[in-house]
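From just these sequences and the hints, can you work out the full model?
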Amino acid sequence: MQNYQELKVWQKAHKMVLDIYKITDGFPKTETFGLVSQIRRSGISVAANLAEGCGKNKTPDIANYFQMSLGSLHETEYYMLVSKDLQYITSQTFEEKNSDLKEIKAMLVSLIKTVRSARNTIS
1 MQNYQELKVW
11 QKAHKMVLDI
21 YKITDGFPKT
31 ETFGLVSQIR
41 RSGISVAANL
51 AEGCGKNKTP
61 DIANYFQMSL
71 GSLHETEYYM
81 LVSKDLQYIT
91 SQTFEEKNSD
101 LKEIKAMLVS
111 LIKTVRSARN
121 TIS
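Using the numbering used here, you'd call the opening residue of the sequence shown number 1 and step up by one each time.
Keep in mind that the hints are not guaranteed to be accurate.
Unchecked claim - Listed below are the simulated DSS-like cross-link pairs for lysine-lysine, each with C-alpha atoms no more than 30 Å apart in a straight line:
#: 1; residue 1: Lys-84; residue 2: Lys-8
#: 2; residue 1: Lys-15; residue 2: Lys-102
#: 3; residue 1: Lys-102; residue 2: Lys-113
#: 4; residue 1: Lys-113; residue 2: Lys-8
#: 5; residue 1: Lys-58; residue 2: Lys-12
#: 6; residue 1: Lys-102; residue 2: Lys-84
#: 7; residue 1: Lys-113; residue 2: Lys-15
#: 8; residue 1: Lys-22; residue 2: Lys-84
#: 9; residue 1: Lys-29; residue 2: Lys-102
#: 10; residue 1: Lys-8; residue 2: Lys-22
#: 11; residue 1: Lys-105; residue 2: Lys-8
#: 12; residue 1: Lys-12; residue 2: Lys-97
#: 13; residue 1: Lys-113; residue 2: Lys-29
#: 14; residue 1: Lys-22; residue 2: Lys-58
#: 15; residue 1: Lys-12; residue 2: Lys-22
#: 16; residue 1: Lys-29; residue 2: Lys-84
Everything labelled a hint here was simulated from the structure, so no lab data went into it.
Structure, rendered in structure tokens:
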């Protein structure tokens, strides 16, 4: 597998992590060990699982890590929604970040399909 830093989806996921850190800096201090911790952890997990998957040698392992990345992305989407509903972020910020997350999701789904189809073509 290629260097994870060369993957466009990883680059976008990494940028999202940096954005999440900036956004959550403005959350109430009471959320430091709650929502702030959770959304940061899930965001990091998206990029980290992509990186870890690229370090695996077997196609099923790679696909599994990319699938975990997708699960973490769904979790991050939910935490962003909660952040908006609690009025920790504006609707505009939510819409912008949700659009970014949807783009990352589409890229991840495509990558997972590509990896899985490669596995099916190997004899």
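Comparing the hints with the structure gives:
no.	hint	in the structure
1	Lys-84 with Lys-8	holds, 27 Å
2	Lys-15 with Lys-102	holds, 14 Å
3	Lys-102 with Lys-113	holds, 17 Å
4	Lys-113 with Lys-8	holds, 16 Å
5	Lys-58 with Lys-12	holds, 25 Å
6	Lys-102 with Lys-84	holds, 16 Å
7	Lys-113 with Lys-15	holds, 23 Å
8	Lys-22 with Lys-84	holds, 15 Å
9	Lys-29 with Lys-102	holds, 29 Å
10	Lys-8 with Lys-22	holds, 21 Å
11	Lys-105 with Lys-8	holds, 12 Å
12	Lys-12 with Lys-97	holds, 11 Å
13	Lys-113 with Lys-29	violated, 41 Å
14	Lys-22 with Lys-58	violated, 36 Å
15	Lys-12 with Lys-22	holds, 15 Å
16	Lys-29 with Lys-84	holds, 17 Å
Hint violations for this structure: numbers 13, 14, all remaining hints satisfied.
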